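J.: Here are the chains, one letter per residue:
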Amino acid sequence: MYGQAKEHDHDHDHPDFLGHHWESPTQQFEAGKFGMWLFLTTEVLLFGGLFCAYTVWRSNHPELFRYGSQFLDTFWGATNTAVLLISSMTMAMAVTYAARGKTKAVIICLLLTLMGAAGFMAIKYVEYNHKFHEGFYPGLAFYEEPNASHLWQPLDETAVAHLAHDKTMDMDESNLLHAEALVRAELPEAPAEAVTWNKAVAGPGPGGLTTSHEQEQLAEFTAFLPEAFLGDNEDIAGELEFADGHAPGEAPHMAHPLQDPVRPVNAQKFFTIYFMMTGLHGIHVVLGGFMIIWLLYRTIRGEFSREYYTPIDLGGLYWHVVDLIWIFLFPLFYLI
Amino acid sequence: MMSLLMTLAAAAPYKEATFWMPESASTVAPQVDGLFDFINIICYIFFVLVVAALIYFAVKYRQRAGQNTFEGGPTHNLALEITWTAIPSVIVIVMFVLGMQTFLDLRTAPSNSYDVSVTAQKWSWTFQHPAYAVTEAAELTVPVNRPVRLLMSSQDVLHSLFIPAFRVKQDIVPGRYTSLWFEATKPGTYQLYCTEYCGKDHSKMLATVHVLEWDEFQTRLGKLAREYEDIPESQLPAYAINRLYNRCASCHSLDGTTGTGPSFKGMWDRTQQGTTVFTDGSTLKQLQASGAEYEIPENYIRASLVQPQRHVVQGFTGAMPSFQGQLKERQIDAIVLMMKHLDTLVDADGNIIENPDLGGDEEAPVEQQEGSTK
Amino acid sequence: MSTTDTPNMTGPAPVPDNYLTYSRGIWSWLFTLDHKRIGLMYLMSVLGSFFIGGIMALLVRTQLLVPEGLIMDQDQYNQVFTLHGAIMVFLVIIPSVPAALGNFVLPIMLGAKDVAFPRLNLFSYWLWMTGALMFVLALFTGGLDTGWTFYTPYSIDTGSAMGGVIPALTGAFVLGFSSIFTGMNFIVTIHRLRPPGMTWFRMPLFLWAIYGTAIIQVLATPVLGITLALLVVERAFGIGIFNPALGGDPVLYQHFFWFYSHPAVYIMILPGMGIISDLIAVHSHRHIFGYSFIAWSSISIAIFSFLVWGHHMFTSGQSELVSVVFSLITFSVAIPSAVKVFNWLATMYKGTISWNTPMLYGMGFIFIFTIGGLTGLHLGTLGTDIHLHDTYFVVAHFHYVMMGSALIAFIGGIHHWWPKMTGRMYNENWGRIAFSLVFIGFNLTFFSQFMLGSQGMPRRYGTYPADAGFQFYHVLSTAGSYILAIGFFITAGYLIQSLLGGRRAPSNPWGGRSLEWQCTSPPPHDNFSEAPAVGDCYDFSVLRWDENEQGYVWRDDVAHPGSEDVS
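Chains as they are written, first to last, in my numbering: chain A, 1 to 336; chain B, 337 to 710; chain C, 711 to 1277.
If you are wondering where the hints come from, they were derived from the structure by calculation, not from laboratory data. From a predicted model like this one, the values you see are computed outputs, not experimental measurements. Relax, there's no trap hidden among the hints.
Facing chain B, according to a computed beta carbon distance under 7 Å, are these residues of chain C, among others: (1) Asp785; (2) Arg996; (3) Thr1025; (4) Ser1037; (5) Leu1055; (6) Thr1094; (7) Ser1251.
Every residue, glycine too, gets a C-beta built ideally from N, C-alpha and C.
Bound conformation, chain A alone (with noise of 0.2 Å):
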């Protein structure tokens, strides 16, 4: 019943699956999974690439990645790492139950691993939605500012401007500066947590991005700035204690970068890198999702059996990679 779904004009007698070069169905095995091994070992180095950015940018900044890290969700990373390990646990159990031939406890199996692979992504579209939305980008476009995000405070500069010319006509001096400062104060109460706008870190430039490291060297000194460029905020130090995370639905109260007079130089170097590691992951993952429906529709169609099982084997040699690289993903990003 098993095995024997295709039509087959032979004059010798061999199985099916079995391919013409093969002697046997146990040689064929062997060397597929052989294969299956050494492409697993291109995925590594694939990686490593990354893994290598990664330590080398870490060990030379490694105030970037303590700032980063603390963006991230640490909630749903680690919701993530169990839904992928709870889903290497039902691939491996699909592998199990296909060796002994059991059609049905494959099928289940392998959609419960199925249920993992969108879970896992599910959760991850969420993440990268809300790091969107707060206007963390790879690369450039970190330092545009963000539409509608709830760590951002922003300042109608033009009012700003507008209500200072206006003060300055009552004032005896006519001191501009001094007048945006009054304004500031008199605008609408900003939450305890946010940070006034400082235009001086914002950008490009010092604070912002930086070529050379005598720059990198003067922006840890934007810290210090001239009180009247920071209004009545009189907490400062408050601000260096950044929390490491949030529940969802906590409110945040770390400040958003952009209007962050710490911010460390080149931050979007961190989502930088972890973008793209999370994302080629999720590439992987979304692959491995593809591969599992295949898997599926041939296992329905009863092309699988005891003596012939060897696709979905490899495929769980697959997940089990992909799982494994999350493993290391994970507290490199959203632990340390």
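Dock chains B and C against chain A, hints included.
T.: Okay, now just chains B and C, sitting in the frame of chain A:
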């Protein structure tokens, strides 16, 4: 071996070009050449051995007519195999050690070096002498018999500074400083190349190294330091065409040929008439309206030097780098005047005229620097 | 492929039922799972790309005839040399021996019916095609002028480098996977599909070479993949990894790039060396000298090749210590290659050498590879490399080893296995004439470039100073390139003529002992109907020439392996 090479170095401060190597005009060059010759000798020996064996065996053991069955022959010989593995191994280790020593000498500048800052950009060289507050373009003047250290930075992409006669080379990496050092042993003129591909005019990114005796060197740099201050107004155009134009030459011709940038020929006329069209469709005429930024046409020339990306002429790629900070105010004045007087400075074919008739005080003409291109 | 017989009084009978006639029609080729057909398709594609890359080369050489550049402006020249390099490296040399010859020969030589994963093999071919098309696309979407090495930041800056960079990088990425899958296939095939009797140390040396190459393909190419992917993302989104304006490091790119590209040059040369081992042995009718050493050296070269990438970067700004370490390890890689040359010479000693075209290419290889390898010493030695780096000396060195050695070995291999692949012989006299032109032309073209480089002529220059004494050598070099081109055109001519009406080939025209010479020329669809008997593949004493067959057959007084104890 090293002492032999060092003795060679002391004995041969300068050497003419040989079959393999160009002239040898620095203290480290004889060392490098000696090492090169040593490697060559090893190579000649092994090459002759291999090719002789090859030809000899091919001829001697040639298949003769009727030879259609084949007996065996030696398939291995441990003693021979070990020997011909061990001997090359020893030889290459010697090569490595000698190479490493020469390399470390090349990379370690003496502490009393004379410093020059080098700025490389697409596609020209600028050399600054901090000790004299002098900037040279496409020319590097250095003293003889003194160690010179070049501190190099790039404005844009990778470049590499190479002076074959001195046997020195170092990549210039944007975002950091790199350095090389040399001590020239004979006054003269030497070629300097960019030797890391940097785009369109990479092949034209050349410079000349002038090595002078110490007092001559000091005199010359002193003169350069004062040069644009001392020059009378009337001679500024000649100064610009002779001393500054070579920075522009790789992209802007004088004879009407369009290069990476428009030709200077007729540029002032076009500027005054406002016929130039920019990539966004606007014309210079529009920008010369009353109250607009180029109402005074000279400002267009000035803006092109310090903010070249502001208005890019249609048909060109906007590859011009900014010279902000590299040109002093008086040098910018000189360039503007040069544009205005270009007809007097350059003949119909684009050649620079020796003693142009600029009117004004008859001061000594500024000498044309060597290697100025058309 | 003519089905009518060429009238032959003597000579082998035509082989009516072979892999070429097994099935007909274009789809039976485009969707074939037969490794032999896939090998042939690769061969045609690679040779086609070689033609295009060669035209680029002739354009470069013609440009450099005069100091101010003869035929192109700077932009055109920059594109031409970039395409020459990219096409030759990615589309020609890297796939050449493994994909074109290896695919055809490996399973038969091993004694198997096919490679381990025939569908993956076909997929590899289509990936190659896709990558090649993307390169073509690069030409039409803005051109490519970064050099084949795509150094940053020039390749990132969309204002300076042309718009075809991203299609070209994507094409190279896809080609990388073609290479990876081929490597995977070969490793599993050699491990798992050996027939009884074919132990590791009974394998012909070509298989050892392919095996070493496959290891490199599998381990190194993914790193190229991620490097190119990072470069694409950098260029498109400005992520700031290689671009110093965004806090990145251009030298990091060089490390990533050369980590693959140095092992890549061993992907190019190792299979070529494998061919030479077999060519020299077969055409000298002598057992290869030092089999064990050559076999082990293929693996050790493969492993050591991963440790020396920094010797491309001695002037890049990396630390002195790093440079010293890389220089030392580089010399260790040189030794096994040198000893191989000695082994090949020793194989010729007391041989019975036929001066036919494959052997001429083999001997030419030894001559050229000796020069190429020896000039690597100048470049591995730190003190001299500072002067020679990025000059024409490097260009000469790598053309000697990549073109003069790897490509010459490829052409030699094509001639050696031509009768087997096509069932036809080619005209031997024309073969010798063409070889002479290729050999002379090659040496003239590239030896002059050594002097150009040591005298200071930099690389990637489309014009050069008139007073530096370079023109003389450039003219010599260009003259040589035209001679070389004529040699290749003649080669193409007589090979095509052989296809159209060459003499039929016997099973064993040269007297080889490896298994591919035991099946018909061309081989049947299945290679072997039952597992072949394996003996010592370098023992030629069991063969004799047969006039009727016009080829070599087993001697009547010697028992076949399989009917005796195979020890």
